[in-house]
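K.L.:
Spelled out from the first residue to the last, the chains are:
2 protein chains.
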Amino acid sequence: MKSIKVGLLGIGNVGSGTFNVLQRNQEEIRRRAGRGIEIAMVAARNTARAIELTGAACPVVSDPYLVVDHPDIDIVVEVIGGYELARELVLRAIANGKHVVTANKALLAVHGNEIFAAAQEKGVMVAFEAAVAGGIPIIKALREGLTANRIEWIAGIINGTTNFILSEMRDKGLDFGVVLKQAQELGYAEADPTFDIEGVDAAHKATIMSAIAFGIPVQFDKAYVEGISSLSAVDIRYAEQLGYRIKLLGITKRAMVDGVEGIELRVHPTLIPSKRLIANVEGAMNAVLVQGDAIGATLYYGKGAGAEPTASAVIADLVDITRLATADPEHRVPHLAFQPNAMTDIQILPMSDITTSYYLRMHVSDQPGVLADLTRILADAGISIDAMLQKEPAEGETRTDIIMLTHQAQEKKVNAAIAKMEALPTVLGSVTRIRLENLS
Amino acid sequence: MKSIKVGLLGIGNVGSGTFNVLQRNQEEIRRRAGRGIEIAMVAARNTARAIELTGAACPVVSDPYLVVDHPDIDIVVEVIGGYELARELVLRAIANGKHVVTANKALLAVHGNEIFAAAQEKGVMVAFEAAVAGGIPIIKALREGLTANRIEWIAGIINGTTNFILSEMRDKGLDFGVVLKQAQELGYAEADPTFDIEGVDAAHKATIMSAIAFGIPVQFDKAYVEGISSLSAVDIRYAEQLGYRIKLLGITKRAMVDGVEGIELRVHPTLIPSKRLIANVEGAMNAVLVQGDAIGATLYYGKGAGAEPTASAVIADLVDITRLATADPEHRVPHLAFQPNAMTDIQILPMSDITTSYYLRMHVSDQPGVLADLTRILADAGISIDAMLQKEPAEGETRTDIIMLTHQAQEKKVNAAIAKMEALPTVLGSVTRIRLENLS
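One line per chain: the protein sequences are A and P, in this order.
The letter at position 264 of the first sequence is residue 264 when you use UniProt numbering, and the numbering goes up by one with no holes.
The letter at position 154 of the second sequence is residue 154 when you use UniProt numbering, and the numbering goes up by one with no holes.
There may be inaccurate statements among the hints.
The list treats identical chains as one, so a pair stands whether inside a single copy or across any two.
[Said to hold, decoys possible] Below, a list of computed lysine-lysine pairs in the DSBU-like style, where the Cα atoms sit at most 35 Å apart: (1) K420 with K181; (2) K5 with K420; (3) K122 with K2; (4) K275 with K122; (5) K2 with K181; (6) K412 with K275; (7) K122 with K412; (8) K122 with K5; (9) K413 with K122; (10) K391 with K275; (11) K420 with K122.
In short, the hints are calculated from the structure, not lab data.
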């Protein structure tokens, strides 16, 4: 059977990884797929470098439209990243009747609905395993492996940069800024690390997982996004003393608010019990924990980034498409896991409506009645306390930290209680609030 | 589109779980699959109980051949277990042109080659996600998610009963026999626990994973199988002191012996570093660690048994078949991951040829020269020592334990060295040998 011809848009990190793994394992892949998968054309800004990387094994062009318009190309792999050009190229490839594989989470989280609708219309596939958690086959698990389940929630460490930074901050007791600099030197963080450290990248991925878990459109604009740049080493230390670790989690879950079903979709630093398996995912590794009603909790762990791990997912998509290309479009796995005519309109909840537990740290004057005032505010708001830690003031100091872990409470109630606490003369500065999930 | 009609053979634990989850989540599943999946007929020895369980929702028969021969049934789900009847029914269903879903690892590990060949011939699918690690979609990960990779090795905690027993032995310092009895009372171990505790069940699963990882036939008869029944609490304790935990692992890996490629396929208690994520998989949970050349290590964790977790896998297979039933048979996922005409004949190695590290415990007379004799024997055999632990004899005792961890060595060399050690007059009784894997 003749080979499937792939056009590669971009030959940076992931693109060259894809080229290399396809070359190295071509026999293994052919034995699985039943036919060859061949990079037939590459588009790259730097054509000289592309020719060097590919050893002139296939035509290299600088104009990506030559790839998406080429009649011999069966599948277009988009690994250039970014929004506008990527969107145009992907839509054009679809319009030309080509299947698409993309590793571009930003593109899908923002323009996914438009892209999937166009693909549906044309009867082509847009595959995106590489867009979430690199090589870990989490999209496949959610869309296919767990089809029997009503998914209840997903919580994932889906950004390696921030997990590396948090692991280092905890291990070495260092502050955020110091570790970020090290991470940049080691290549774990980019020169402009904003997308990673502010949680945007994780929110793109959580948005995609939310859609395929619950059968809703991708809605990145409704995601709550909070990064790790304002996290202090002191809170990591206190969390540790209380039996918790702080991880940047992408969380999406079903919730009921006043009898109406909603979806939580949020990325923020989160305390999780240290004994949970996912709390022990260290360094740049990723892991996604999924709770389904039939299966209970399952966890998927591996490298969430890097040339070859990401290429592993891109190529798995290529093999899947190779297998399904001849099948009736109505019998393929739906892009967003549910049939396009069977999506729901459950709304994503505003952050004030979500319910979780909280870590609160108050810097207070060490004088009688402080604790009584604080606990009274929480009691009046109906928020109950699960654990507390009060430090003795340091020698010669008259100020100290009080840390409280709350039971589950609605965010708006907690925020209102925090405002009252901050108004107390004995509470100095603002209250530190970090969300806590038991993941049980 | 009309519903897919499923015939259920057996309505015990997994069968009733499948029935219940399909009923409960029928809307969710239909929204994903694009059509309904309906249990149209059930065969059960105890028909009265089956009628009670199904609420008379579909015909119940006592003769399973009525199901496999029924013209309206599209897919047969075999969850009766055992070898002979299951084999006959599965082959008959295939001969009748029906797709098959089975949770029966024993059947596939022993009769898989015959069954897959028959299915291939007839152009039907035999799906078996539920046969390995319950609901965890590990078959899907290996056959589809990791297609880009040359798989290097797999190591899995794939038997919940033994993992529960080992976790309890470690946590509570109890002996095997005591914990086994508790496990039986709690329903974690069967009245006749042989298959679980002697490693047979894990070896069935490892055999299946080995075949799909490396493109070889299933060869249960070549698997090395060693259970946990002779494991002592003292070794678990010493391992802990050295930074290791003991788990029953199913291991399969590529190896080179004298320049010839072979496959290791073995189940045995194994020391693994405590800090590895998989070492922290406790109780009846399962986890499989897979090393691929592109992706590195990935881990898949969840419940490996139980009615609904196993049903989750059975139903995922039903949805997959529903999707692929209309597709060209040549474009489906091959049963054993590789195309039937692209399997290899790499041989499974005899246990004497495998290479791993070892934990050795010698009970010795506490007298001068003992250690020199022992280390000399290892040095002569070219086996190097990675760590050592020598306990002071207890008050009034003249005997003590010496524990050594070796670097990698070939099993036959280690066995020969052990024989020499046991011949020393200072070594009392036999040397305890437990294999050790770093999994890095």
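K.L.:
Among the hints numbered above, which are violated by the structure, and what are their numbers in rising order?
P.N.:
1, 2, 4, 5, 7, 9, 11
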